[in-house]
Amino acid sequence: MAKPGLGSEVVIMDEGVLAPQMAREMPHVTSLSVTKSSRVHVGPKIVHVNQTVQNKEMIKDLPFHKYLWSIIKNTSKAERMSCLAATAALIICILLIMYYTMFVRYTEQEPLDIAPHPWNITREMWLADDNVNNSRTTESYEPLKLVIIQHTVSAECHFFTDCSAAVRKLQEYFLTNKDLGYDIPYNFLIGNDGRVYEGRGWKIEGAHTFRYNRCSLGIGFIGDYRTTKVLPSQIERLNLLLEEGVARGHLDPKYYIVPARDLQNTESPGINLYNAIKEWDTYDHEHKFRNRTCDEIYGRV
Numbered sequence: 001m002a003k004p005g006l007g008s009e010v011v012i013m014d015e016g017v018l019a020p021q022m023a024r025e026m027p028h029v030t031s032l033s034v035t036k037s038s039r040v041h042v043g044p045k046i047v048h049v050n051q052t053v054q055n056k057e058m059i060k061d062l063p064f065h066k067y068l069w070s071i072i073k074n075t076s077k078a079e080r081m082s083c084l085a086a087t088a089a090l091i092i093c094i095l096l097i098m099y100y101t102m103f104v105r106y107t108e109q110e111p112l113d114i115a116p117h118p119w120n121i122t123r124e125m126w127l128a129d130d131n132v133n134n135s136r137t138t139e140s141y142e143p144l145k146l147v148i149i150q151h152t153v154s155a156e157c158h159f160f161t162d163c164s165a166a167v168r169k170l171q172e173y174f175l176t177n178k179d180l181g182y183d184i185p186y187n188f189l190i191g192n193d194g195r196v197y198e199g200r201g202w203k204i205e206g207a208h209t210f211r212y213n214r215c216s217l218g219i220g221f222i223g224d225y226r227t228t229k230v231l232p233s234q235i236e237r238l239n240l241l242l243e244e245g246v247a248r249g250h251l252d253p254k255y256y257i258v259p260a261r262d263l264q265n266t267e268s269p270g271i272n273l274y275n276a277i278k279e280w281d282t283y284d285h286e287h288k289f290r291n292r293t294c295d296e297i298y299g300r301v
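Numbered according to full-length UniProt numbering, the sequence shown spans residues 1 to 301.
Hints were generated in silico from the structure; no laboratory data involved. Check the hints yourself; a few may be wrong.
Said to hold, decoys possible - Quick list of the computed label-pair ranges, beta carbon to beta carbon:
1. Pro116 - Ala89: 44 to 50 Å
2. Asp113 - His285: 32 to 38 Å
3. Pro116 - His285: 36 to 42 Å
4. Phe210 - Leu175: 18 to 24 Å
5. Asp130 - Ile91: 57 to 63 Å
Owing to the predicted nature of the structure, the values given are computational and were not obtained by experimental measurement. Every residue gets a Cβ at the ideal spot worked out from N, C-alpha and C, and that includes glycine.
Sequences are here, hints too, so could you generate the full structure?
Structure follows, in structure tokens:
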């Protein structure tokens, strides 16, 4: 591009003069002789270049959305489609990672806890071995006044499948031990899942507390409550069980709940469960049953 009045050639790029030519006298050629050459051009020559020239400094100063749009405008359709496909693939990968992190792993850690009954699990439901001899009953003392609480000193269980397996394992231990050889000793058990698991059941004499088995209902809390915490759901379901016992005539409406340690020299049912029981209205605060026989408790002597 030539500036007027200079008669020289000036090169301008990015709004700046890069190579200005000082004014000088142009040579005058009157004749030209060329021999043995086929690539000679004499006179002006116009060359067309199909390329967009952009001012880089101006592009850098554009807002991001305009800058992005300028890039998109200067790409081919094939390039835009490739970019779109890559972006879609990236979004899908991110969504899959989020799904796995938030849902799949949570499902793996928290299995579904489905049981045949909301809280009352019978022997059939936990697949008990019924090849046992439970011929002794508590009928001669019913309705029972005494509900004795113990703990199993075994691992905790927080799902129906785990608690059912724990109760089966407990039954197997008592059945196969050569010094024992009898059914699970408790009338009922309370799992950490807040469900009641039928042991020997109603009206059957247990084997949980020496001297008191034939005139009491034995409840075993699954776990070691020297360290395990008592859950509100366990207390709630125990109350439902005892209300059912009263309604059926198996329990005296004025029954007493007695921790095993108040009757014998034992740590059962563990300090945490013991402290919880002491807060209940039905707890025997006077310790009136220690060192007394069943007949003495029920006024038969």
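Going through the hints against the structure:
1. Taken as a hint, the range 44 to 50 Å holds for the pair Pro116 and Ala89, whose Cβ atoms sit roughly 47 Å apart.
2. A beta carbon spacing of about 36 Å between Asp113 and His285 agrees with the range 32 to 38 Å that was offered as a hint.
3. A beta carbon spacing of about 38 Å between Pro116 and His285 agrees with the range 36 to 42 Å that was offered as a hint.
4. Under the hint 18 to 24 Å, the C-beta atoms of Phe210 and Leu175, about 20 Å apart, fit the expected range.
5. For Asp130 and Ile91, the hinted distance range of 57 to 63 Å is satisfied, since their beta carbons lie about 58 Å from each other.
Hint compliance for this structure: no hint is broken.
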